[in-house]
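Asker: Listed here are the chains, written in short residue letters.
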Amino acid sequence: MFEHDYTLTGKHATYLKQLAKDKENKNRPYIFDRYIDVYMNAAIFGLLYGRTAEKDNESKDRARVYADAFATERENCTFLYRLAMLIDKTIAVSPEERVDRAFRDDADEKSKDKLAQNMGLFNSYVLGGIEVLYEKFRDSLITTDDCITCAYELMKDFIEEIQGISYEEKLSELMKQL
Amino acid sequence: MLFKTLQMVNFRQYKGETKIAFSCDEEKNVTIILGDNTFGKTTLLQAFNWCLYGEALLENPDMLLNFDVASKLLENASTDIEVEVTLIHSGIEYILTRTQKYQKKNGKIIGLNPSIKVSYKEKDGQTESIKDTKIETVINTILPKDLSTYFFFDTERVGTISDRKDLAESVKGLLGLSTLDNSIKHLGTKQNKKTVIGQYYSSMDIDGDSKAKEALNRIQDTQTRREVISTQLDTVVSEINHYENRKEQLDSILRDNQTTAALQKKKENIEGLVVKELAAQEETRRALIADFNADSLPFYSQPLLKQASDFLHEVKVDDKGIKDLTRPTLLDIINRGRCICGCELLEGSEAVNNIKNEMSFVPPESIGNTVRNYRENMRSLGRNSDRIFNGIKTRYEELYRQKVRVQDWNDELIDISDIIQGKENMKRFETELIDVKQRLRDLNAKKERLIREDEVKKSDIERYQKVYDSLVVVSSRNKNFMTYIKYAEEIRDWLIATYKEKETCIREELEEKVNSIFEQMYHGHRRVSIDSKYQVTLLTTIADKEVASGESEGLNRVKNFAFIAGLVALAKNKIISKTGENEFDLSSEPYPLVMDAPFSNADEIHISNISRVLPEVAEQVIMFVMKKDWRYAEPVMSTRVGLKYTLNKLSEQHSVLKGE
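So the sequences go chain by chain: A and B.
For what it's worth, the numbering used here labels the leading residue of the first sequence as 1, then goes sequentially.
For what it's worth, the numbering used here labels the leading residue of the second sequence as 1, then goes sequentially.
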C-alpha cells in the first residue's frame, strides 16, 4: 500500500499540476506545495463531496506522485485510506466488511485482490476530489491573493457549515450588524 | 748713441779727477787719445766697461783704487773711486755713475761692492733717476753687454773675443729687430701668463660658458613648465567658475523648493515603507499557504472523521476486546483449568466457551487495537479544527491589513506626486550639490597647488636668470677676449713673419757690409761669412769652393774690425721694414766705436784703410793710439778728428791727460 509511483492521466494530471507549485515557474499562483498534498487533500474532498472519478485518458497529460513522496506521507495516506474505506457506501457491503476493508485487507496476504480493489476505490475518490478542488480554485488561480482568498473563503464556509450555521442565520446576523 | 764724456776719480793710475770730453760732431766724429804703452790707454777703455757693466778686463781687477791714494789711506779710513759716463741715446742724455768704496782694514785695502746710478735728463732739463732694478736692462738696451768687447775694442786682447758667444740677440737689438722681437715676446702665447695673449687667455672664464648654457637650459625648461602650469591654471579656474555658477544655481533651486524637497523626502520614506510592507505581505502569503498546506488535511477531514467515528462506534469493533489481552493469554488460562477469579474451567463448560468467544475479539483475530489507535489519531486531528481556522484567519486578516496599509500609502504617494508633479527631483540636485562642493574643494586645492608651484618656478627662473646674466657678462667678456686674442695673435704672427724676413735680410745686409768693409781693409782674396749666431768666419776660396781658413792674429783683428764696423755701419742706416702694404720703422741707433790700439801690428796700408773706413761707418770713433802708429793714420784721419788728447805718465801710479 502506497509503495509505488502513482500516475495521474488526462485532465486529472492537468488539474493536479495547476493546483500544485510549479518548480519551473515559481511566480505562478498555487494552492498546494507538492503533488502529494494535492493527492491527499483530493482524497478528503472526494469523500466530502462523495465524488469519485475514473482515470481520464482524453489528453496525454501525465503527472506522477512518486513512491518517495508516499513513503514520506505514508502514515497520512494510510489514515486517509482507512477513512475512505470506513465511509464509502458506493459499494453495498455490510458494516463488518467495511471494517475488514479498512483494517484487515491491507494486512492479510490472502486479501491482495481485495486490497487492489480497495485502492482503486480510494484513488477514484482522489480523482473525484481533484476535480472538486480544481472547480473550487479554477477561477482563483490567476493571482496568489485570489488563491489565498479562495482558500480562506472555502475554509470559512466549511467551518460555518460544519458548525451548522445556516445561510439564513448568517443573513440575520448580518442584518443585526447593519 | 754717442759718448759725451768720461770722468774718473782715482780709477787706477788716473789719480784724482780726470775728465775726457768726446767729439760728438757729425763730421769730426773722431776723438784721438795718444799714449804709449803702459800710459793707461787700456785703463781708459776698461773704465767704460767698468762703468757700464761693472767689469774691468785688467790685471788685478779687484784693486781699481789708485795706488798712491790707497797707500796714503789710514787704517779704517775709506775712499771712493768713481767712473761717470755721459752718453746720448735716442736723443736722451744718460748719466751713468759707478762708484766703489775702498776701506783699509788691518793694513789691507778692501773694495766693497760697487754701486751704479743712472739718471737721464728730460727734455726740459729735469734729471730723473732710473730705478736700481731697471739699470741693467737700460744699459743693455743702450749697448748690449755681449757686444761690449766689440764696441770697446781692445786690439791687443783680440783673443778675448774669440769665444763663440751667441751674439744674435745683441746684434738684433742693435739693428732694431729688438722692437719686433720685444713686440712678439710681449704679445706672447696662451701658455705664458706674463704675456698679452697669455693674460687675455687666463682672463677668460671658460667654465662660465658651460654654466651659462646649463642655466639657460634650466630657464627654458622651467619656463616650459610654467606655461604648462599656466594652461592648467586657466583650465582649473574656468572649471571653478563653471562649478561656482552651478553651485549658485543649485542653491537657488534648493532654496526655492524646500517644500518640494520635504515632500520628496516624505515620498521616499513612504516608498521605503511600501517596499518593506510588500515584502512583509509576501511573507504573510507564504506563511498562509504553508499553514494551509499543513492544516488542510486535518481541517477538512473533520466531518469525515465524525462519520468514521460514528460508524466504528456503531459496529462496536473497538469495545469488544479487553485492552492488551491476546489469544495466547486466554489459551493459557483455559489450559491452566482455573480462571484468575478462582473458578474451575472444564472443557465444554460455559466459562470456557465464553473465553473461547472472547478470543475472536482479541489479537491476532481482533482489529480492535488497530481501530483504537486509529480513533486516537482521529481525535487528535479533530481537536485542532478551530485553532486551524483561527490561525489561517489571523494570517488572512494580517494580509488584509497589510494590503490596506499599502493602499493607504499608495494613495498618499499619489497625492504627493500630484503636488510635486512637474517639479524637479530635489534629491538629484542635492546629490549634485554635494558633488559640486567636493569638486570645488578639489579644484581650489589644485589651484593653490599650481599657484605655489608656479611661484617656486618663477623664483627658480629668477635665480637661474641671475646666474645666467652674471655668466653672460662673463661670456661677452670672453667673446671680447677671444677677439683680442685673435687680434693679438694676428699681429704676433705678422710680426714673426716680418721678423723672420727682416732678420734674414739684415744678416745678409750685415754680411755684405762686413765683407765690403773687410775688402776695404784687407787686401787679399778672402771673404767673411756670418752665421745665425752672428759669428764671423773667414772663408778662402780653394778650387771654387769656399772653406774656412786659418786666422792669423792680424787677420782675426781685421775680421773683427770689419764685423764691428759693418755692424755700426748698418746700425747707422735707418732700417725700413716692409711687410705687404704695411711699413714700419725699424729705427736703430747709430753707435760709436771705442778702440784701444787699433793699428797695433798693422802695416801702413792697413792703418790707412782702417783710418779711412772707421770714421765713415761709425757715428763716433774714440781711439787710443800709440804715437808711432798715429803717424800713418793721421794723414787719412786728421780731417775727421774733433778732439785729441795726449796721455802723460807721471809715475807708474799716476797718468794725466792733456788735451790739445
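Check each hint, because a few of them may be wrong.
[Stated by the list, open to error] Capping the alpha-carbon separation at 25 Å, the derived lysine-lysine pairs in DSS-like fashion look like this:
(1) B:LYS500 x B:LYS486
(2) B:LYS105 x B:LYS123
(3) B:LYS479 x A:LYS21
(4) A:LYS156 x B:LYS19
(5) A:LYS136 x B:LYS393
(6) B:LYS466 x B:LYS446
(7) B:LYS306 x A:LYS136
(8) B:LYS458 x B:LYS211
(9) B:LYS266 x B:LYS500
(10) B:LYS458 x A:LYS26
(11) A:LYS21 x B:LYS393
(12) B:LYS19 x B:LYS121
(13) B:LYS145 x B:LYS266
(14) B:LYS134 x B:LYS101
(15) B:LYS628 x B:LYS658
(16) B:LYS486 x A:LYS176
(17) A:LYS110 x A:LYS156
(18) A:LYS89 x A:LYS55
(19) B:LYS145 x B:LYS131
(20) B:LYS628 x B:LYS123
(21) B:LYS403 x A:LYS89
(22) B:LYS4 x B:LYS121
(23) B:LYS427 x B:LYS247
(24) A:LYS156 x B:LYS486
(25) B:LYS457 x B:LYS446
(26) B:LYS101 x A:LYS156
(27) B:LYS533 x B:LYS486
(28) B:LYS403 x A:LYS26
Quick caveat, the hints were computed from the structure, so don't treat them as lab data.
Asker: Evaluate each hint against the coordinates.
Answerer: Evaluated hints:
1. About 21 Å separates the Cα atoms of B:LYS500 and B:LYS486, which keeps this hinted pair within 25 Å; it holds.
2. Note on B:LYS105 and B:LYS123: the hinted pairing is violated, with a Cα-Cα distance of about 45 Å set against a maximum of 25 Å.
3. Of the supplied pair hints, the one linking B:LYS479 and A:LYS21 is violated, its CA atoms being roughly 104 Å apart against a limit of 25 Å.
4. A distance of roughly 176 Å separates the Cα atoms of A:LYS156 and B:LYS19; the hinted pair therefore is violated under the 25 Å criterion.
5. As the CA atoms of A:LYS136 and B:LYS393 are separated by approximately 19 Å, the hinted pair is consistent with the 25 Å bound.
6. Note on B:LYS466 and B:LYS446: the hinted pairing is violated, with a Cα-Cα distance of about 30 Å set against a maximum of 25 Å.
7. A distance of roughly 24 Å separates the Cα atoms of B:LYS306 and A:LYS136; the hinted pair therefore holds under the 25 Å criterion.
8. The straight-line distance between the Cα atoms of B:LYS458 and B:LYS211 is roughly 20 Å, inside the 25 Å bound, and the hint therefore holds.
9. Among the hinted pairs, B:LYS266 with B:LYS500 is inconsistent with the structure: their alpha-carbon atoms are about 115 Å apart, more than 25 Å.
10. For a cut-off of 25 Å, the pair hint linking B:LYS458 to A:LYS26 is broken: about 73 Å separates their Cα positions.
11. Between A:LYS21 and B:LYS393 the CA atoms are separated by roughly 22 Å; this keeps the pair inside 25 Å, and the hint holds.
12. At most 25 Å may separate the alpha-carbon atoms for a hinted pair to count; B:LYS19 and B:LYS121 meet this at roughly 20 Å.
13. Taken as a hint, the B:LYS145 and B:LYS266 pair is broken in the structure, with Cα atoms around 125 Å apart against an allowance of 25 Å.
14. For a cut-off of 25 Å, the pair hint linking B:LYS134 to B:LYS101 stands: about 22 Å separates their Cα positions.
15. Distance check on the hinted pair: B:LYS628 and B:LYS658 sit about 18 Å apart at the alpha-carbon level, within 25 Å; holds.
16. Taking the CA atoms of B:LYS486 and A:LYS176, the gap is near 137 Å; set against the 25 Å cutoff, the hint is violated.
17. At most 25 Å may separate the alpha-carbon atoms for a hinted pair to count; A:LYS110 and A:LYS156 exceed this at roughly 45 Å.
18. Between A:LYS89 and A:LYS55 the CA atoms are separated by roughly 20 Å; this keeps the pair inside 25 Å, and the hint holds.
19. For the hint linking B:LYS145 to B:LYS131, the alpha-carbon distance of about 19 Å falls within 25 Å, and the restraint holds.
20. Only pairs whose Cα atoms come within 25 Å are accepted, and B:LYS628 paired with B:LYS123 is rejected, the gap being roughly 43 Å.
21. Between the alpha carbons of B:LYS403 and A:LYS89 the distance comes to roughly 46 Å, so the proposed pair goes past 25 Å and is violated.
22. Note on B:LYS4 and B:LYS121: the hinted pairing holds, with a Cα-Cα distance of about 13 Å set against a maximum of 25 Å.
23. Proximity of B:LYS427 to B:LYS247 is assessed by CA-CA distance (about 15 Å); at most 25 Å being required, the pair is judged to hold.
24. Proximity of A:LYS156 to B:LYS486 is assessed by CA-CA distance (about 128 Å); at most 25 Å being required, the pair is judged violated.
25. A C-alpha spacing of about 16 Å is found between B:LYS457 and B:LYS446, which places the hinted pair at or below 25 Å, so the restraint holds.
26. Of the supplied pair hints, the one linking B:LYS101 and A:LYS156 is violated, its CA atoms being roughly 166 Å apart against a limit of 25 Å.
27. Restraint check: the Cα-Cα separation between B:LYS533 and B:LYS486 comes to about 32 Å, which exceeds 25 Å; the hinted pair is violated.
28. A threshold of 25 Å between alpha carbons decides the hint, and for B:LYS403 with A:LYS26 the separation of about 22 Å falls inside it, so the pair holds.
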